[in-house]
Each structure stands twice: as C-alpha cells, then as structure tokens.
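With chain A held as given, fit chain B onto it using these hints.
Residue numbers (the working numbering), protein chains in the order written: chain A, 1 to 322; chain B, 1 to 251.
Honestly, I wouldn't trust all of these hints.
[To be verified] Here are some chain A residues pointing at chain B (derived, C-beta under 8 Å):
| hint | residue |
| --- | --- |
| 1 | W143 |
| 2 | D156 |
| 3 | S189 |
| 4 | P190 |
| 5 | T194 |
| 6 | R196 |
| 7 | S203 |
| 8 | R204 |
| 9 | S207 |
| 10 | G209 |
| 11 | R319 |
No lab work stands behind these hints: they were computed from the structure. All values reported here derive from a predicted model rather than from experimental measurement. Note that the Cβ used here is the ideal one computed from N, Cα and C, for glycine as well.
Next come the chains, spelled out residue by residue.
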Amino acid sequence: MTMDPHAPRPSLLAGLTGRAAAIAAVVVIAASGLPLVLSNYQVGLATEVLIFGILAMSIDILAGFAGRTSLGHGAIFGVATYVVVYCTAQAGLPPVASFALGVLAATAVAAVFALLAVRTSGVYFLLLTLALGMIVWGVCLRWTQVTGGENGMRGDVRPVLLLGHHAFYWAVLAGAAIVSFAMWRFVRSPFGLTLRGIRDSESRMRSLGYNVPLHLFIGFTVSGFFAGVAGALYAMFNNFVSPSTVALAQSVEGVLMMIAGGVGTLFGAFVGAAAIIALENVVSAYTERWQMVLGVTFVLIMIFAPEGITGKLRNMLSRKVR
Amino acid sequence: MSETILTLTDVVVAFDALRAVDGVSLTVPRGQRRAIIGPNGAGKTTLFNAIAGAVPPTSGKIVFNGHDVTNLPPHRRAQLGISRTFQITNLFPTLTVQDNMILALRGLSQRKFSLFGKPDTDTTEAPRIAAALTAARIGERAGVIVKEMSYGEQRQLEIAISLVTTPTMLLLDEPAAGLSPSERSMVAEIIRSLDRDITVVLIEHDMDLALGLVDYVTCMFEGRVLVEEPPEGIRRNKQVQEVYLGKPRHA
Chain A
1 MTMDPHAPRP SLLAGLTGRA AAIAAVVVIA ASGLPLVLSN YQVGLATEVL
51 IFGILAMSID ILAGFAGRTS LGHGAIFGVA TYVVVYCTAQ AGLPPVASFA
101 LGVLAATAVA AVFALLAVRT SGVYFLLLTL ALGMIVWGVC LRWTQVTGGE
151 NGMRGDVRPV LLLGHHAFYW AVLAGAAIVS FAMWRFVRSP FGLTLRGIRD
201 SESRMRSLGY NVPLHLFIGF TVSGFFAGVA GALYAMFNNF VSPSTVALAQ
251 SVEGVLMMIA GGVGTLFGAF VGAAAIIALE NVVSAYTERW QMVLGVTFVL
301 IMIFAPEGIT GKLRNMLSRK VR
Chain B
1 MSETILTLTD VVVAFDALRA VDGVSLTVPR GQRRAIIGPN GAGKTTLFNA
51 IAGAVPPTSG KIVFNGHDVT NLPPHRRAQL GISRTFQITN LFPTLTVQDN
101 MILALRGLSQ RKFSLFGKPD TDTTEAPRIA AALTAARIGE RAGVIVKEMS
151 YGEQRQLEIA ISLVTTPTML LLDEPAAGLS PSERSMVAEI IRSLDRDITV
201 VLIEHDMDLA LGLVDYVTCM FEGRVLVEEP PEGIRRNKQV QEVYLGKPRH
251 A
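So that you can see chain A by itself, here it is in the shape it has in the complex (with noise of 0.2 Å):
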C-alpha cells in the first residue's frame, strides 16, 4: 500500500495529534489526582481555578483571536451566577434546567453586547464593553426584588450528587476538559481563522468577501457562552451570588488572568488562574495589602514576560530547540 503525501496527519480524536492527545491526558489526569494530596481548603482553590481559568480563556477567545479585549466578561459570567441561583432558590428549578437557563441567558446577554460593540475596536471596544458591563451590575444592584440588591441571594445551587468538595472538584474538571477542548477547536475551526483575519487586517477581510461585523459578532457570543458555562459553575461553587460578581472587578480580573497567562495563548488562561488566585490567598494570609503586591506583580509580568507566562515558556522552549 503506497501513502498518499497529500493526506492529512492521522489524528486520534477530532483533530487532536497524537502529542498533544497524550499532553492533554496527562494533565487532566495529573490535575484529578490533586484532591488526593490537597486539603479541603486547597481543593477549593483549584476549582477556583478552575472555573476562572475558563472564564480567562473565554476572554482570551476575543482577545488573543480577534484583536478585541472585552471588559464586560464578567458582566456576562455574574448573568449566569444570578440567573443560576435565581432558579433554584427562588424558582425551584432543578439544578440542571438552571444551569441551562444561566448559560442560556449569559449568552443571550453577550449576543445584546455584541450587537453594540462589533463595529468598533481598541480603545473603543474596551470602554463600550465596560460601560456595557456596568449596566448589568447596575440592574444586579437596583433591582432589590429579584437580585436582593446588595445583600445577594444565597441558595443551594449545587446537585446532591456533588455535595463533597472532591466530587465536585471532578466535576469542574471534567467540565474544564470539555469546554477547553471545544474552545481549541474553535479558534483553530476555519471560523477560528477568520477571527485572526480581523486581528490582522480588517481592510483586507472586506475586500476578500467577509462580513467583518457578523464573524465578530459570532465570535462574541460564542465566547459568552462559554463565560456563562464559567459563571454557572461558579454559582454552584459558591452557593451565593451579589453584585460583586458581576461588578467590573470580575471582568478586570479575568483579563489580568488572561493576560498572566499569555494572550492568544489559550491555555495559558488556566495558568494565569492559578497565579493570580495562588498569589491572592498566600499574599492576603501575611498582608491586608496583598492587592499592592498584585498590582507590582503584574508591573514585573508586563516588563519581563509581557507575552504572559505560558508565552515565556514556549518561546524558551522553542529557543532551545532550535
């Protein structure tokens, strides 16, 4: 039998290359072995991770793709907390229709947000979506009858089933895996690829016969779908929801996450988690000002790593191999 030259690499899974199926597998068995070495607390933290690391690489979807860094993420994350724990406090939903109905309305909200925002860019970009952002936290504040105002709304959001700290540690993992998987294989989809055509040249994107605003609108609610998987899992976590989770402190942290990681890095997101929830918890343990300490962290990350952790590495790892 003679290979043909021309055909595509053997793949083993949708795409995914031997090496990178096997790196994948090792890391997400190494990551559901931690609960066997971690305490309850620690195991806590990594689900944090967890679920920020996926609401960074939704961020990192439009940011490191697309060229647009969105400041309303957490806006669109908190819609699923609120409208999670709504459901099943107030409403009585079981928690598999809320979970839906908070990922459903997370991305219902970014779609609205990407109607405004597709046609401007940078600067522009940024402030829209943060004005955008602070509407939502606006709502979640006022509207004391439904959100509870500034007091929150607590509820029992997470199934029986996943009641213990390392079942539901398994569970944000598995749900990590699956919604990490389907964002690689989004930016890489030849949609993915239009995205980086908008990065790089939208002039040319036109000319070429695209519709520069429908693929970035797309590209926009996608990804606030996958903010609001984030968002969903965090009501669960937490079993509380306030304004606080949907204030602009959450979407600046997811950015500040995404880019310690690395932009257009992907994965990097679940790094630049770990980072940043590991520096909080150890620094704010010594220090009310553990914020300063972030802030001069990231000053060193921007100066010595600006292409973020995950970037550094790559990039001395790929020096070395040549």
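Then chain B, alone, in the frame of chain A:
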C-alpha cells in the same frame, strides 16, 4: 477580433469639484494585457478603484463580462471574477502564507462559517492554493509567517492571493512599487507567465516594465484618455513624452 470583457462608457468619478476621472471610455478584449499609464494625478488609481468597486462612479457605465457592475459593491464584483491587488501591501502579517491563502479562498465559500470544523484544507482547496503559490513563485514558502518574508515576497503573495480565486480579470495596482531591480524582473516574469485566459489590467509607474509586459497601453492625463496604442507606438508618441517630460521649450 476577440470578444470584449470590460467596457467603460463615459465614466466620471468626481470628488466634489474635482473630476479625478473625467469621461473615460475604454474597451478591453478578453485575455488582453493592458497597462494604464500616466503622470501622477492623472486619475489612474481612481479609475482602477471604479473598476474594482472601491469607489462608485459618479456617472457612466461599467460592463464586465456581460454584467452591468456599475453600482455593485467590491465583494459582488469579486464573485463575478474581478480580483485585485493593492498598491500598499495589505496581508495578514502574523499568519502563515498558507493561512493567508485559505482566507483568500474561503471568502466566497460557506466553509468560513464552520465554527468547530477541521482547520485543514479539503481536496478542492489544496490544489488551488498550491497552483496559485507556484504561479507566484513562492510555492516553497507556504509554512512561513508573512511578517518574516521580504517585501518582494510579500508582493508575490499579494499576487498569489488575487490568483487563488481563479479570477477572469486581474487588476494589478503598481505590482512592482518599491521593489529592487531584481525583484522587479521577478514580478514581471510572474505576470508574463500568467495563464493567457486571464485578462490583466495593470497600473505601473515604471514605463519600461509596463511596456515590456502588455499588448496595449492606455495613457491618461488629467482624468481623460490621452492616447491608446500598442507599446511600440507609445514609446515614440510625442504627446506621451510631453505629459511625462514636459513640453520641449522652443527658443
């Protein structure tokens, strides 16, 4: 005489009071290589943009391959088979040559909306990309990131991108602008070896290059057609020499 592919009738493009193109009529037969020359400000690029659809004509009529395209937007003209290059290089610098070609090819197909599909080219796409890259003499460079290529290679990629959609007519806007002499002859060689079925209309400042490439020349001056002649005639034409070099002074 072979059939006509492009007809312009009394085309005017006015920017307020300035008539950049002032009543141009011309016909290009299928398969011809046509140069549009003229001094700076003659209206060459504006006429070009009117043909490509980037600037709508103020009045007049443009017929391409039997279709009235006077008021069609650029992407509809692209679908009819008009492809163009840009005077200023406009590529996707952080992507590979291959990805640039894929984007060029999929602009007119529905595959661009495949949200979670495989990134690889399919069996109809791969040979077309390979053929266009070979025609532009960068067949070996598919895996290179565009910003790491020389300017000359980027101009070649610009041509490859306009070829991959297998156009009926190719519009080249100063294809050799800013290139070194050796790169110029490379670009000239590429244009010369294009499939004879493709009609080529090019703007070029370099007279030697332009006249060596084409079958027929339209010389523009102040928004109007000054002369239309084969290259040999243009070289000897007094009027053309005057608009390029100024009138000889008589003592």
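Right, here's what the structure says about each hint:
Hint status for W143/A: violated, given a least beta-carbon distance of 34 Å to chain B, over 8 Å. Violation of the interface hint for D156/A is found here, the shortest Cβ-Cβ separation to chain B being roughly 35 Å, above the 8 Å cut-off. Restraint check, S189/A versus chain B: the minimum CB separation of about 5 Å is within 8 Å; hint holds. Interface restraint check for P190/A: the shortest CB-CB distance to chain B comes to about 4 Å, inside 8 Å, so the restraint holds.
Among the interface hints, the one on T194/A holds; its C-beta lies about 5 Å from the nearest C-beta in chain B, closer than the 8 Å criterion. The restraint placing R196/A at the interface with chain B holds, with a minimum CB-CB distance near 6 Å, inside the 8 Å limit. Because the beta carbon of S203/A sits about 6 Å from the nearest beta carbon in chain B, less than 8 Å, this interface hint is met. Among the interface hints, the one on R204/A holds; its C-beta lies about 5 Å from the nearest C-beta in chain B, closer than the 8 Å criterion.
Taking 8 Å as the C-beta cut-off, the interface hint given for S207/A holds, the closest approach to chain B being about 6 Å. Among the interface hints, the one on G209/A holds; its C-beta lies about 4 Å from the nearest C-beta in chain B, closer than the 8 Å criterion. A distance limit of 8 Å between C-beta atoms decides the matter here; for R319/A the minimum to chain B is near 16 Å, and the interface restraint is violated.
Of the numbered hints listed earlier, those contradicted by the structure are 1, 2, 11.
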